[in-house]
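Here are the chains, one letter per residue:
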Amino acid sequence: MNIQKQLTTIQTAAILTSSIIGVGVLPLPLFAARAAGSAGPLITAGGAAAGFLGVFILIFLGRRFQNQSIIQYSPRVIGKPIAFAGSMLIILFFAVLTSLAAREFGTVVVTSVLRKTPLEVTVIVMLLLAAKQARKDIRIFAYTHLLYLPFILAPGLIIVILSLKNAEWLYLQPIWGTEWKRMGTGVLTVAALFQGSFIIGFLIPYMRRPERSVTAGFWGVSIAACLYLLIVIAAIGVFGAEEIKNLLWPTLELAKTTSLPANILERLDAAFIAVWVAAVFTTLYVSYFLTILAMSQLFRLKDHKALSFAILPVIFVIAMLPQSVAQLYEVIEWVGRFGLLITIAYPAFLLLVASIRRAKGESNSNAPAR
Amino acid sequence: MHPLVRRWVLLCIGIVMLLTLTSCWDRREIEERAVVLAISIDKATDEEVRAKEEISHLINEFPPPETGFIKLTAQIAVPGRIPLGPSEGGGASSPSMEPVWILSAIGYTVDDALVTLQQELADRLFYGHLRIIVISEEIAKDGLDNINDYFRRNPQIRRLTWLVVSEGMAADLINASPELERVPALYLLATMDHAVELGKFPNEFLGKFWTKISNLGSDGFLPYIKVKDEENIQLAGLAYFQGDKMIGKTNPIEIGVLMAIVGVPSGGYSVLTPYPDESHPVLFRTTHRQTNITTEIKNGRPEFTIDVALEGSIDEKLKEGIIQFDRQSTVQAFQEEVEQRAKKTYEKFIAKMQQEESDIFGFGEYIRAKHPSYWRQSVHSSDHWRSIFKDAKMNIQVTVKVRLVGMKAN
Amino acid sequence: MAKRPNTEQNRVNSNSQSTFGQKNEQLEKQNVQTALQENERILEEVLGSSYDFVIRRFTVFDQHAAFLVYLSNMVEIEGLNEDVLRPLFATRQLGSVTSPEQVMHALQYQVLYHANCQLDTGMLRIVHEILQGKCAVFVDGMQEAFLIGVRQVQRRAVEQPPTEQVIQGPREGFIESLDRNIGLIRYRVQTPDFQTDIIHVGKITKSKVAVCYIQGIANDELIKEVKQRLSEIDIDAVLDVGYLEQLIEDHPYSPFPQVQNTERPDKAVANMVEGRVTILMDGSPFALIVPTVFSQFYQTAEDYSSRFLQASFVRLARVVALVFSLVFPSLYVAILSYNPELIPTQFAVAVAGGRAGVPFPSFVEVLIMEVSMEVLREATIRLPQQVGGALSIVGVLVIGQAAVSAGFASPITVVVIALTTIGSFATPAYNAAFALRMLRFPMIALAGMFGLYGVMIGLIIIANHVLSLKSFGVSYMSPASPGNFQGMKDLVFRLPFWSMKYRPSILHASNYKRTSNTGTQMKHSHHHTLDPMKMKNQNEGAADEYPEATDDHTDGSHSN
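Protein chains in written order, with my numbering: chain Z, 1 to 370; chain S, 371 to 780; chain G, 781 to 1340.
Isolated chain Z, as found in the complex (with noise of 0.2 Å):
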């Protein structure tokens, strides 16, 4: 199967910033406030830090193999069986993530709008639309992010913009923290927000001009980190960090507290969670399409079509698992943190292998990659 070299530069940053936006902005106050406080920007900061770092480890390892994925290209890096430990991690680590995103939003929306609705109902739907979507090839994937973006980036600005005049600057100093090991903890919470990103392992060999890899991965992640950053920033501008402390979902309170100029609409909760299942769709479709993408890497299959409806029930059953929000969310945390060790730790000691043992791949880069 040869590799069809497609992907420009901005679709590539369009993916990786819709797969970073997505149902973790909804708790991500919540997250920095309890680390830090005010300083609660300065830890979003740093998990954008270390989502770059995540990113950038993983551009220089797909620039040295520019015609395969992470998953073909760690077998000649450390050898077969340790390569297929590692990327049965990575599968089973993106399925999980899939479900708990799926769960956490079909929570979400039980939660504050569809009351009565049973849950199983809000996720699968979700699900499907993920699962539908993720069977086309990576060109539609990458016109799909492209499409969405404005989309997802437009209702998270405009409810920053307009709660801003609520805003009180002073419950955003002091800007450093000081409890370190707290903040620590808080900077891999949010880091773990930044996992969709992993996303570029998989996309640099289909990118036209791979070099520009660098490009793409820094605006990708910098937008996304931008739109954290504000909304964390008019989070605690307006409800100050102790409050937060009281919300489960600070973003969707915020967007409660938010009313569209002359009152066309008083309140934009219901709104904001309508508008932005078009966020958590492209999350959920880049973790999803990652995960069977992976798997038909891994196990040499022709393509990953029939793999979409496949593992559908697997997500799904993942997905319902956890019994109430409380434990949903200590396991989203537990799974985050774990899945830093995967999305950052595998793939820099991948690249540490490879620089000792000088491994690199093809250099011409139109050769069909297999």
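Hints listed in this document are in silico derivations from the structure and should not be mistaken for laboratory results.
Any given hint could be a false lead.
Heads up, simulated DSSO-like pairs for lysine-lysine below, C-alpha to C-alpha not over 30 Å straight-line [as the list claims (entries may be wrong)]:
| hint | chain 1 | residue 1 | chain 2 | residue 2 |
| --- | --- | --- | --- | --- |
| 1 | S | K718 | S | K596 |
| 2 | Z | K165 | S | K771 |
| 3 | S | K763 | S | K511 |
| 4 | G | K1250 | Z | K132 |
| 5 | S | K615 | Z | K245 |
| 6 | G | K1281 | Z | K5 |
| 7 | G | K1250 | Z | K136 |
| 8 | G | K1293 | Z | K5 |
| 9 | Z | K136 | G | K1004 |
| 10 | G | K1004 | Z | K5 |
| 11 | Z | K245 | S | K760 |
| 12 | S | K718 | S | K511 |
| 13 | S | K596 | S | K511 |
| 14 | G | K1004 | G | K1293 |
| 15 | S | K740 | Z | K245 |
| 16 | S | K570 | Z | K165 |
| 17 | Z | K136 | G | K1007 |
| 18 | S | K598 | S | K511 |
| 19 | S | K615 | S | K570 |
| 20 | G | K1269 | Z | K5 |
| 21 | G | K1250 | Z | K305 |
| 22 | Z | K165 | S | K619 |
| 23 | Z | K132 | Z | K302 |
| 24 | S | K722 | S | K760 |
| 25 | G | K803 | G | K983 |
| 26 | Z | K181 | S | K740 |
| 27 | Z | K302 | G | K1250 |
| 28 | S | K598 | S | K619 |
| 29 | S | K413 | S | K596 |
| 30 | G | K1250 | Z | K5 |
| 31 | G | K1269 | Z | K136 |
| 32 | S | K615 | Z | K165 |
| 33 | S | K596 | S | K615 |
| 34 | Z | K165 | S | K740 |
| 35 | Z | K245 | S | K511 |
Okay, the calculated beta carbon distance ranges per label pair [claimed, not checked]:
| hint | chain 1 | residue 1 | chain 2 | residue 2 | range |
| --- | --- | --- | --- | --- | --- |
| 36 | G | V1100 | S | H750 | 55 to 63 Å |
| 37 | G | F1273 | S | V375 | 35 to 43 Å |
| 38 | G | I1202 | Z | L260 | 22 to 30 Å |
| 39 | G | G1187 | S | G538 | 38 to 46 Å |
| 40 | Z | F299 | G | I1202 | 54 to 62 Å |
Keep in mind that this is a model prediction, so the values were computed, not measured.
Cβ coordinates follow ideal geometry from the N, Cα and C atoms, glycine included.
Given the coordinates of chain Z, work out where chains S and G should sit on it, guided by the hints.
Showing chains S and G alone in chain Z's frame:
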């Protein structure tokens, strides 16, 4: 069949199945919702408690609450009684055509009372348009923890709702039916919204109140409202809190003082200033305020410098004669007089709040933000901050600028 | 004189034994015979049963027997008399020519002066030409026949296209005649690069389909693909380009049209100049334009003929109307039955009052109103013109008012439905508006099930579907979704011409640049030619000449 045809057919069947099978779990038409516009919370009297039915719990299951049962009164919009669009012909409101329905219930907690209320109502209660929550002074003095918890938890509640404290019975406020607006709750809402627009009250909605009481370095305050002549509503000052408990109230004019100290830009209060003597008062109206607060830690004690700049105009004077506002020197002298008096009022008000140990100005937040190391070392809790606040030194400077004197030449 | 060959026997014969296509097979190998009777027999056999088939016998050069065949309804009889028969009859005066070769030579070079005259040998082709309205002249002893174009078919005049009217811009529309349509295009692109390739489609109808493009701009692969798809069509009859559209589009099951049709020659030309291919068909007043992307359906020819600010503003309004016609009713349902907390309190309470007497849930109410609106709309098209206008107004007013006072619908629902219906007319392309109109119904159902969440799910499903559509390999949402910034200049806003220097890159035109290679600016620098400062002398002279004018314009005409 062609696979794509099959897909369309399946999609259609799917939609029809969903429509019929799900029976639209959450669909509830707007007219089937009992739209609660306002809620008031009072202490229940003993007779009322005895008449309470066993709905959410058996009566003897829990000991009676320490602070007593509450009586919750809700104002529910009656669909069809509130006309669509500009009043369609003869808006004469006969008593039988009341646009709202007022119901009350007794409960152990807020939700308990609401569940009881639901029991006697066909339509489901809907709080998405709950615009105003009135609590009686008694309840406020016992603490708002329960009320805060319920309203924070319920996703339908707006954070932009007004929470107000009423003098006497809160239900009276809900029952008051002013002439200007057909729906009493909307009148109450308009009273508060316009007070903010006119600069008569800071925009202190429920969300902000929650923020203030959550913060370690500030205390909350709420509008204090009373009913006059059974149908008139007056903004009678502000109720200040210590934690979740109300501890006192101020005069209306002191709202203006508070707004000046925290620096709410739009000013709306007028003050009578005797100038040049007691028998010749002049009315000065503030239009803009700007406040700059700086903090210092001196000898392990916080010290605040509050720099208030007021801008305003002269609204009226009582008698013709002695002074004429046609020279800058006269205006200047008048300004100084206002500055003197304002400074004294501010000092007195801050001292009063220090005495009461209620930091409604949020001075503690300044210390937390600007002097984090002091905060960490010396302040441990909001209670502790209050005791520090009590002894904090306050320097107040007031600058007044009179810009306009109206259309009169002198 | 003219003979009616349709004897009873002949008709019975042809009816009893013929199967479809048999005649073609018979003719396939036949050539024009030297014996005149043989030719006559063949033609009679094939066409003789038609009542309008005419054979006119005569002699040329006074000795050679000849005949003329034509279909009387397809030819212009006056032209036939004047330009064909008259010179042929005049050969009597030319004296005698004996050998068939000389006869042919003389006829071709000296007698038949008609411009559209050619020779053919194959009987099949000759029969087809006769069927298309030519007349054929057979002369005894000749192995070829003359085919002379004296075709005349009924056609209407070129009129303003009823489906795509403009305020500013050309008023001509295509008509049913292919020749006239190509003429309309050709006088707008007077270049040899404009090509029309003819393909016949339809086993029975043999409809003439013209693939038009501009060579050197349209991508060669695209042209090949279009011709390929057209020639692969296997169908008996093609009566309109609409048939072709359905047979060549990529996704027949999608509600979205993937081929644009237009009645406007200027639009067809504009698209060809961008690198698209236009398909015209004899008998259809519409042209198909391929490949098509979604944004074309809300663009009009006027967007380019009016100034760019005006065009952008109007186009923006159109996009809003397009989105509204899709989501407005479902948003209304979602907000009313799921999230009434979003709208202002006063309004919510009032809406509840309006709905208080309505027995149905709002989504049923909206569905009923939407369906009746569709019925009304369809009825208005079918009704005779004189009644139609009256009914549409009366229908909306009376039915709407009656529905409200009968407690059948709430007044706001009527407003919402009316707005949506009117909004759907703002989309210039009827078929695209129809797609969204149709999708409105599942959207309302989703809104009735899941509220705003359902509306968004519906929108995502639609967007995902649209994203996977392709028209001749071009992504349907381009240039928005592959992220082509050049193309986005003409997406929602129409930027000035000088900023759009390139043809849409999605079409992979052979010639990418719109502007000439020397890079001349389309924007001109301004010489203030008539500036009063420059015109001072003349102006004063003028003022002297027309003294009465100076009274009013003293300030204006004299520079200070």
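Would you list, in rising numerical order, the hints stated earlier that this structure does not obey? none
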